[in-house]
Every structure is written in structure tokens, then in C-alpha cells.
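Chains A and B supply the protein sequences, listed in that same order.
Start counting the first sequence at 1; every next residue gets the next number (the numbering used here).
Start counting the second sequence at 1001; every next residue gets the next number (the numbering used here).
No lab work stands behind these hints, which were simulated from the structure alone.
Treat the numbers as computed from the prediction; the structure is a model and nothing was measured.
Some clues are possibly wrong.
In silico BS3-like pairs for lysine-lysine, Cα to Cα no more than 30 Å straight-line [stated by the list, open to error]:
#1 K1323(B) to K221(A)
#2 K1323(B) to K264(A)
#3 K1266(B) to K39(A)
#4 K39(A) to K159(A)
Given next are the chains, with one letter for each unit.
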Amino acid sequence: MAIITYRDAIRDALKEEMARDEQVYLLGEDIAQFGGSYKTCVGLFEQFGKERVRNTPLSEMAVVGCALGSAMLGKRPVAEIMYVDFTACCMSQIVNEVAKTRYMYAGQVEIPMVIRTQGGAGRASAAQHAQSLEAWFTHVPGLYVVMPSTPYDVKGLLKTAIRDNNPILFIEHKLLYNSKGEVPEQEYTIPLGKADIKRPGKDVTILTWSRCVEFSLGAAKELEKEGIDVEVVDLRSLKPLDEETILSSVEKTGHVVVVHEAVKNSGFGAELVALINEKAFDSLDAPIQRVAGEEVPMPFNPRLEAMAIPDSKKVANAVKKVLSL
Amino acid sequence: MPFQKKEFPDKFAALSKEDKVGLLRTMVRIRAFESRVEELFLNRRIPGFVHLYIGEEAIASGVMANLSKNDWITSTHRGHGHAIAKGAQIHRMMAELFGKTTGYCKGKGGSMHIADFSVGMLGANGVVGGGYNIAVGAGMSSMIKKTDQVAVCFFGDGASNRGTFHEAMNIASVWKLPVIFVNENNQWASTTPTSFATSVARIADRAKGYGMEGYTVDGNNVIEVYNAAAALVEAARKGKGPALLECLTYRIKGHYVGDPEKYRTKEEVQKHFTENDPIIRYADWMKGKGLIDDAALATMKAEAEKEVADGEKFAEDSPLPEKEDAYNDLFSFSPSEFPEVVK
Ligand SMILES: Cc1ncc(C[n+]2csc(CCOP(=O)(O)OP(=O)(O)O)c2C)c(N)n1
């Protein structure tokens, strides 16, 4: 096992898949010589050349549209949108075209494309550069949404996403790029739609993803000192969703806290709560708690920003609440 | 970069000495602000990220000298210079960069979101290409209200490749709105050279496609910028419709403070700075005309630095927001919540 960063794990996944399949190509703003705004493509331009690592003009609609058109005709594009916030600039392409093409045309065509982007707060980048928008996409039939939290997961899932024949929103977190973790030297992939139990426990289930896995594990560590045994389930992909792992954890613990950075109102957490209501209501010993982003655009001031998103303390409090402690 | 010059009437010649000096002062104040902001950012006094306007000062100064407080501008992520030239106060801008309650956005906006509606500065924008259609709307309001206010939309070369640009240009043209699209072609969009990403050599040429007039000027020559803007703003005020003004300049600093700038050489940057600094060029011209001397220039710089230092002190001394402040300003009064207010 090597210890590498989340950033390098992404680059390695891209590199391996590009070497494996020459239909794979990258396009996006500032990804070529510069290696991308968050440096996830460093070295790829040098290795694969300008045909396969393409800098684009500042034109998000063209980036996604071009990826779609070429995917329809057998290429396997990985498009980068610098910030998830700017998916709003190409939303029609994603929602009305990418997501619907296969279905509308009754499966005449496959759409093997990945849109890589990154979101989240923590760098004082304010209201237009720090959102968590995954629920926009899970709400649209026809898109997969993947949000890995560790170097191991990001590599294995990105490789799978590139090989998958469906359009996938692959949302990284800007504060995870420097995080480190073990990644096997030999090749591996991780199937989409498989959650990962990051910490097994018997008292409470935390359902979470992306950076909030970190906060949840932090809370679990603190709570362990008080004799509370928390299970942290990292969903890794929101669509497809691993209902089986979720429901069996809920059945085991009977207590659930959902943690995500996105604004609570209409967030994906609400979907999870509904799912559990529908399929495991009888297992619940207490109402489900949610820890999520505050109902405000992300404020610039770091103090306010920290307040607007979850942290370990908020998660720990919610766990205690669900246990009526 | 050769381009076809259009001779605009020399309105500049008719300016008073005071106004001519004023153009220089605006540039010097922007430079002083940006230079200090760079240091403060590197010293970790300013959170987030910051894009500097250094080397592009002639554009904001030359254009804004043709506008009154009643006119509007929309700005960009590189917006400090626009704000200062439009009349925003340096101490409140600095407080915003520090994230303080006394800042223009009470610390909730930061560098990329400075706005001062009281002087017609309708906001910097973190979304590249986010401003065009807001300027169109401002122009629309002027048209409906039958005032002679104009809206100026600043945007980068990279931004001219956003779809919003093309929609805004077309609608402004078909509705003959008083909107001037001012392109700051600084030859770079982040790490991407303009020539790599843009279908035309001159962004001004894009105006043709929308039935609009488009001109290119030397954006580091404040007199040229002033004269071009004077003609276009005046035409827009008179109901002659929109125009596109491309100002050629160069981004002296990295895309953001801290940018390693691996995509270009230090020599390239230095060459532009030493040969084509808009402040030096204009100051030299003024000296030649006897409009200013070295002592007066030194005093002007010292005053600007003092203003920035005072602004910094004000920012330092101002309170940080409290947690609860995060919830303010999201909505206006809601009639259902406060029926008595609405009545
Ligand atoms: C819609 C959108 N896409 C990408 C970005 C990231 N970004 C910020 S500034 C910038 C380059 C802008 O270039 P240009 O318009 O030429 O302005 P300059 O920075 O040169 O002043 C990019 C790609 C963004 N903020 N918004």
C-alpha cells in the first residue's frame, strides 16, 4: 500500500484509465499544461498530449455539450467543471440533454461520460464557490451521483465511473484534495452503489458522504470515550444508492443520524429519511436526526462559514439527541 | 497586437487640469490598494482568494471618468479597481476583504463580491460572465424610466466565451439599450492565453455579429480609453444603443495572489510592466505637458498609501460578525410574517 493524497489518487485513476482505453479523453478549463485548478490532472497533458487532455475556452455549456456529443459517438469523455457552482452555467446541458438522451431515444445510444467537479466550503470562497449541490442532480432521473471521501474510494470509483456507460456526476470536495490515505499499488475498482462502513458500531448509524465522513468519524471517536458505539456509513454514491447496507445498519442500531454539508432543506438527507420511513420504520427507536448546512448562501467570513456547515461537535450532539442523552 | 484604430473626438483635451490629474489619482489609488492587498493576503491577513487589477488601472479610470454616480456598472472577480474608480470607499472595501461587519457586505461577500449600490456599483461577480445580463437589466430600467443613465459591463477576454455574453449582446442590440460592454483583454484567462481560446483576434469584432459597434483601444493609455468611452457613453445616453469597447491590456500579476504562474515567463511579465505600466505612461505624459511634477506625483502616491493604511487600520479595528449575523439579509420582510409592516 502506498500513502497518497486524494488529489493524486484522482490523477492516478485518470492516468490508468487513459492508458487502458484510448477512447477516454479529458476536457475542461485550465486542465492541460496547468493540470487543473485543483491540480488533479498534473502530468497528463505531457503524457497523453493535447488531443486527449484538452483545455477549453471558458464555456461550460460547450464543455458539457461537447462531452455529450462525443460520448454518443463512442468517446469516453471526462469533463471537468471547475466548481460545482458553475454546473449552474450548463445546467440545461446536464439536465435536459445528458440525463435524458438515452431514455428519450429509447436506448439507441449510450452516454459513457463523467462530469468531474468539486464543491464544498472551508476555504472562505464565499457564496458562489462553496456550495454542495448534489441534490440538484439526484433529483434528475438518468444521472448517477458519486461523492467519494477518501483517496482509496476516489480512485476506485473514478475508474469505475469512467468505464460505466452512464452519465455520472463525480463530485469531489475541495478540502479533501490534500487528505491522505492508503491506496493499493495494484489495480482495483470499486462498484458504484456500494456504501462503505467506515466504522462499525452498534448503537447509532450515521449516514454520510464526502467531507462529512471526516466529521462523523471525529464525532464517533469522541463518543467512544463516553461508551457510545457509532457506525459510520459512507454512502460514496448517492445514485445508485446502497439501500441494503443502509437498511441493515438501521435495523442493527435502531438510531439514525444523517450528516451532509449541503443545505438541510430539500437536501439528499431528506430522501434518506423518507427511505428509512418507507422501508425500516419498525426498526427505528427514535426519530431520525439531520445535521446539515444552514439555510444561507455560504458566507465569506471564515467564522460564519464554519458555522454554516456541520462539524464533529454538531454531529456528536445529534447522536446524543437521537439516543435521548 | 495590431488593430484598426478609430479616432474618437478628443474630449480629453477639454478636461480641466484637475480632472486630468484626477484620472491619474484614481489609477494611483487603485495601485496602492491592490499592492497592499497583495501583501496582506500573502501575510494571511485576508482569507479566501484575491484577484488583482494591477496594470489594468487605466481602463477603470478612463471609463468611470465618463460616468456619474447615477450610472451603473457590473464588475467581475477582478473588481477592486472598478469599485474604487466608481467611488466606493477604500476603508469599507478593506473591511470587506477582512471579513468585518463594517465591510460593504458585512463580511459575507469578500473580495469577489464587493458592491456599493449607493454609487451605482452593482456588484463584483464570482461567476465569470455573470454580469452581462444584469447590465442589460440596468439598461432596461433606464430605458423604461426614460432617464439618460447608462450601464457599463466590465468583462474579461475569457468571459467573452461564455454563452451569457452572446445573449446579452444580442438583446442589448435589438432593444437598443444604453449598455456599454467594456472588455478588459488582459491576454490571459487564468492559465489560458486569449489567443488559444478565442475565435477572433479582436474581441471587438464580435460586435458585428450583433449589429453593434465595436472598437479596440490601447487599454493602458488612459487618454485613449477616456475618449473612446466618452463617445460611446454619450451615444448610449442619447438612445443610440449599446457598443462594445475592447481595451487591450496585460495581467501583470498572477490570476490570483499566490498563483505560481508556471504558464508564462517572468521576463514576459516584466517586459509588460516596465514598458507598458499605464501609470508611468500617463504620469510621464503629464510631466511632459507640465501638468504634474515629480514632487506632486510623490505626494499623490503618499496620500494614496495613507488612505489605504487608514483603511487597513479601520478594517483591523472593526468587529468580526457574530454567528447570528449569518442569518441576516436572506429575505426582505415577508408580508405573511409582518402584515403590519406591509399595511
Ligand atoms: C462560470 C465560471 N467558470 C469558471 C470560473 C473560474 N474562473 C475564475 S476567473 C477565470 C478566468 C477569467 O478570465 P477573464 O474573463 O479573461 O478575466 P481575467 O481573470 O483575465 O480578468 C476562471 C476560469 C468562474 N469563476 N466562473
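Hints versus structure:
1. Restraint check for K1323(B) and K221(A): satisfied, since their Cα atoms lie roughly 27 Å apart, inside the 30 Å limit.
2. Of the pairs offered as hints, the one joining K1323(B) and K264(A) holds, with about 18 Å between alpha carbons and a cut-off of 30 Å not exceeded.
3. Annotation: proposed proximity of K1266(B) to K39(A) holds, straight-line Cα distance about 21 Å (limit 30 Å).
4. With a CA separation close to 18 Å, the supplied pair K39(A) and K159(A) stays within the 30 Å bound.
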